[in-house]
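Visitor: Here is what each chain is made of, one letter per residue.
Number of protein chains: 2
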Amino acid sequence: MRFLIPLISSSITSGHSRITSRLLSAHLTKPQLSTLHPFFNYQTPSMAASEESLRKALAEKQSAVEAHGNAVRALKAAKATKQEIDAAIEALNSLKLEKSSIEKQLQAAVSGSDGDGALSREAFRQAAVNTLERRLFYIPSFKIYRGVAGLYDYGPPGCAVKSNVLAFWRQHFVLEENMLEVDCPCVTPEVVLKASGHVDKFTDLMVKDEKTGTCYRADHLLKDFCNEKLQKDLTISAEKAAELKHVLATLDDLSAEALGAKIKEYGITAPDTKNPLSDPYPFNLMFQTSIGPSGLSPGYMRPETAQGIFVNFKDLYYYNGNKLPFAAAQIGQAFRNEISPRQGLLRVREFTLAEIEHFVDPEDKSHPKYSQVVDLEFLMFPRDEQMSGQSAKKIRLGDAVSKGTVNNETLGYFIGRVYLFLTRLGIDKDRLRFRQHLANEMAHYAADCWDAEIECSYGWIECVGIADRSAYDLCAHSDKSGVPLVAAEKFSEPREVEKLVIAPVKKELGLAFKGSQKNVVEALEAMNEKEALEMKAALESKGEVEFYVCTLGKNVPIKKNMVSISKEKKKEHQRVFTPSVIEPSFGIGRIIYCLFEHSFYTRPSKAGDEQLNVFRFPPLVAPIKCTVFPLVQNQQYEDIAKVISKSLTTAGISHKIDITGTSIGKRYARTDELGVPFAITVDSTKDVTIRERDSKLQVRVGVEEAALVVKSVTDGLRTWEDVWEKYPHHTSGSADD
Amino acid sequence: MRFLIPLISSSITSGHSRITSRLLSAHLTKPQLSTLHPFFNYQTPSMAASEESLRKALAEKQSAVEAHGNAVRALKAAKATKQEIDAAIEALNSLKLEKSSIEKQLQAAVSGSDGDGALSREAFRQAAVNTLERRLFYIPSFKIYRGVAGLYDYGPPGCAVKSNVLAFWRQHFVLEENMLEVDCPCVTPEVVLKASGHVDKFTDLMVKDEKTGTCYRADHLLKDFCNEKLQKDLTISAEKAAELKHVLATLDDLSAEALGAKIKEYGITAPDTKNPLSDPYPFNLMFQTSIGPSGLSPGYMRPETAQGIFVNFKDLYYYNGNKLPFAAAQIGQAFRNEISPRQGLLRVREFTLAEIEHFVDPEDKSHPKYSQVVDLEFLMFPRDEQMSGQSAKKIRLGDAVSKGTVNNETLGYFIGRVYLFLTRLGIDKDRLRFRQHLANEMAHYAADCWDAEIECSYGWIECVGIADRSAYDLCAHSDKSGVPLVAAEKFSEPREVEKLVIAPVKKELGLAFKGSQKNVVEALEAMNEKEALEMKAALESKGEVEFYVCTLGKNVPIKKNMVSISKEKKKEHQRVFTPSVIEPSFGIGRIIYCLFEHSFYTRPSKAGDEQLNVFRFPPLVAPIKCTVFPLVQNQQYEDIAKVISKSLTTAGISHKIDITGTSIGKRYARTDELGVPFAITVDSTKDVTIRERDSKLQVRVGVEEAALVVKSVTDGLRTWEDVWEKYPHHTSGSADD
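As they're listed, the protein sequences go chains A and B.
The first sequence begins at 1 in the UniProt record's numbering and counts up by one.
The second sequence begins at 1 in the UniProt record's numbering and counts up by one.
Calculated directly from the structure, the hints in this document are not laboratory data.
Note that the Cβ used here is the ideal one computed from N, Cα and C, for glycine as well.
Any given hint could be a false lead.
Cross-link-like lysine to aspartate or glutamate pairs, in silico, EDC-like; alpha carbons within 16 Å at most [as the list claims (entries may be wrong)]:
no. : chain 1 : residue 1 : chain 2 : residue 2
1   : B       : 656       : A       : 177
2   : A       : 56        : A       : 103
3   : B       : 646       : A       : 177
4   : B       : 642       : A       : 176
A short list of chain B residues far from chain A (calculated; beta carbon distances all over 10 Å) [unchecked claim]:
no. : residue
5   : 176
6   : 475
7   : 663
Facing chain B, from chain A, some residues (calculated, C-beta under 10 Å) [said to hold, decoys possible]:
no. : residue
8   : 135
9   : 183
10  : 307
Produce the entire structure from the sequences given, and follow the hints as far as they go.
Guide: Next up, the structure:
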């Protein structure tokens, strides 16, 4: 019998339910500053040091002010001369001025180097989110009924971006890697999620307002308290500040008891009412329901798509011709009943996951296409660098694998493929890093785990988890279902193997131990190879040994005639084993939100009187590839616009005609705000103008060629530069603002 | 105040939850027989008549047998001569033989003309389903845990077919019609589904085994009883048979009481235990859950995707530039907690819907692209033909609209587009019909409703519902949310309109009615135009009228000085109205299952010793477009296979290499069974052989051209016939079975 401790994988606990705490951990690093994103102001290590000395200086100055205040009062009480008192007051005021100056420096230090880092980050996010919501990229669900926290709709452009991202995911992973895609239901019976460990362990700690019953996430309250204290209360000592920072860094590791103790110690109350809070207790994050009419079959909305793949392993292995390695993939909805969702699209109660389970022989984790990614170089943040306070740095993937930083080739291959996937979508490679899980973040069975983290205005966000989960999941379901989820390696010719044989002599054992015989037999049979060989040696030399039987809780004497231990040679035709699973798991909504932020920028209008919003989506993900504008309202131009529209439809290019009489500049601004990469302006009956969104450059192309030019660029067959090279440039300002 | 009766749309009640009853309704018709589908044997009207006369003849013969039996017994009792008795027995035996012959004829009549119709239908389905499950097109979910009724996984080929169907749906509807696609969550708060009527009315009637508690659908039990009786009990009278058939035809309309009475009358018991059954009571088909940790916010998994669109109407209308008509679309999961799911993929607890809500001015339901579908001709089954016992016939869509059979152009346009969509997927046009809802099937508010029904081994299955739901849904959500979901038509210049003004004179009314004044004022203001003008006329002629105030429950006398009624002219700048909704709603899983059946056939192997399975999917939906086979295991051929595979990947053609040493015939059979349309066999280093699945014809093509040839045919740029014309034919038998 095997004992499996159903610990939850790190992809669950630190996945979508624990990310915020990591945002404020001690391991934030300073990435390259991007000129387009002015809100990134980071504390360098020297600044962190100056914060500490400033807190000390402030405390000293505060004491000095108090001492001088007492002195002034003493002088007054002693009826000192006006001159003496005035001099003392002047000194006091000067001390107060110095204190106030230190306060300002400290305020700047805790909120960013120039004092408005957090502010500009907020402002950037606000501008992006305003545009996203106004143009219906996404909107709170059920708005007319005042919505539901953590549920969002994708409106038309957001839905198109999502469908483009998923289509590219299918192309990049499923098609190019010949994966077996499956599609399983969201409704899942309890037995499956009991086996996976979710029913028992997929929880967050919650506290309740003892009077109103309102629920809060315990770690969020503690985190908010610490952050507030650190940022707004300048009077706390350097020691207190260090303590609060330590709490923030270890938040994820706190037990319910420890969390409750801290909440009591700091006197934290319910944010809305200031009422006292209950002790923290676990709340299961799965949406529960009941399958069928009887009320006797509990079920849950799946919290991840992976389990649907694991339970199908046997069929999929057969479908693959009983060969390893192979990968199965699934795109689908997952559900987590968050206690108090925040951070917009980053923490929601329903989201789309795209997951891959790559099944591999644990004794051979090489990958046939590994050489294709070996020379990729990007930001990696190995465990050791995190522990020693360094920052992420560019590492050649091949080096990370060969040095053993990344556990194996297959894991490395997927890290490389994820890097290519994200950057091709338009994620800024300088704000993308692969962070290795620390030892305490990883489940005990995991061999290695890396998160693709993308930096946005909320900090570094885990968007893809890439874990080598070893044999855990298949073993768990084998155990619970009784169906062996194993693979076999057939030997080309039978192999001779040595096998340990432990044969208790039941008659002798029965005579010696009577009613306890069964316990002793089981304990003998349960010995591992090392233990058995030690016993064999001891019996041969001494004739008797003391042997601990855990089910009896005591030692018993084992004699030579009671057990035979030997090694026998056997012929085997195959090796049967549980495959390892390497799991890249993509949070599609998080990737899309980060993509929105990385693509968003503003630029002044031509008149310079306003800032215009632009999303620089690559054609691959742009919601609409092209707009068609008749320059003026005119039947001839409109007819040509319709002809071009028809050829775009035939070519499969999503587009929109805008025949409103609005100025061409306004129409460009409207489509820039949707991230449409190309606009075709019909300004003659022979040639039309094609404008590229980011450069605002324009070329002249014949009417019948226009759709094909746009198609060739959006399909990636040529670049805008090629087009710019080939076609005459548009020079008149009439079609631009 | 408006009163809305929250009746459920027919797309809900007769949609996925009531389809089976329709399968046995009186309106089945005889379609063209397909040689490939030998199981279609239908009862013609003359046969139905003969069934009735056979039942009568059988009953008469039965009486005759009984009478003769009595006579024989009487003869024996009267000690008649042996000769007399023998003669009587001989006559009795001859009567019994005649009875048995009539029984056989009747048996044949009730189960199909040649007596094995139902059998071959069953056998066909079994062959198709065996292949589908064995090749993992779909499989019962959570199989290793013994599954859950009504939940299925799509395995790799099924998942690919589904994703191709959805991609084509997006192309055919969203892209070509410029629809606004949205993506809303499955988790839905109660208030939304309360407004839509689902919380109160989305139910099926259930009965419980009174001892074990096992639940059954009440109508299913009654239906099964009637069918069983009709098919297996040949002794029932023609009158009884007619009664049972009437019950089957009206099953959908039976109330809980009527259903319970029938169950009692027929003595129906629990099928598994024969225990007595409870009275029928409604069971809500939605999966219920709780949103957030408080337990105070009930929610449901959405039973359809449409509500997510309706609640967003205001934003979408704005996004569309405040212009009508426009359509919004959504693809997503929907959930129905069926009481006892059966019929495989046709009735499941979780399924993918693709829904369109086309919003249109109720005063103008024309469609700009209507002329593109006007000449389509296909099987339609209008209400009148169903009522008069006729069958579906080919009708030109334009005629159906112009004669008013189809309510309006927009509805007609969508019927045409649905026809094109389904037939392009590979649905057999002779087994597809558009059936109009009968008056009693339609919700009271619906203007018209047509179902696209596809015939498969289970009968005619509703796969797409196309309904003009008028303003019902938007009104329901306006009312409940308080947010007006309306559109406005701006007049190019203000229009003068006459408006009725009812002005109660409160002072006089107060003097006359004191405490009841308010009731009288409200009743006066609530008069419609006709009532008000009648009162005005009466007051002018008589000076006083009796007026019924319903909130007082009595008449009161109204005098001329108590109310002023007049018509005033006003200038209006716009007309504000609630748009009508035309809703095509696609059950994707049902379409796919019917497509599987329509595509499946068997043909003998070359040796003639077995039947091989083939799916004749068009390239558009085929799960894999192409396989690549090296003819023999050989490095050179394998290298070329890899080169071709790479160019197929670049061209975006999903494919598979099979380098096993299996015979080429077996490899063809394997891919035919997956419906792969083309196979490239590498049998030289210069040219390769391309084989088409259904014709088994083969051409020779250069290695570098192979991928492009396959791409051009799968993309629909040319046909296989074009290829066959252009390239040399393969003549050797080596690459065929």
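Visitor: Does each hint hold? Answer for all of them.
Guide: Here's how the hints hold up against the structure:
1. 656/B / 177/A: OK: residue 656/B and residue 177/A at ~11 Å, within 16 Å.
2. 56/A / 103/A: Holds: residue 56/A and residue 103/A sit about 11 Å apart, inside 16 Å.
3. 646/B / 177/A: At roughly 11 Å apart (the allowed maximum being 16 Å), residue 177/A and residue 646/B satisfy the hint.
4. 642/B / 176/A: holds, 13 Å
5. 176: Contrary to the label, residue 176/B does not stay out of reach of chain A, its closest Cβ about 6 Å off (not over 10 Å).
6. 475: Holds, because the least Cβ-Cβ distance between residue 475/B and chain A comes to about 13 Å, which exceeds 10 Å.
7. 663: Given that every Cβ of chain A is farther than 10 Å from that of residue 663/B, nearest at about 16 Å, it holds.
8. 135: holds, 8 Å
9. 183: Hint on residue 183/A: holds, closest Cβ of chain B at ~4 Å, below 10 Å.
10. 307: holds, 9 Å
The structure fails hint 5 only (numbered hints given earlier).
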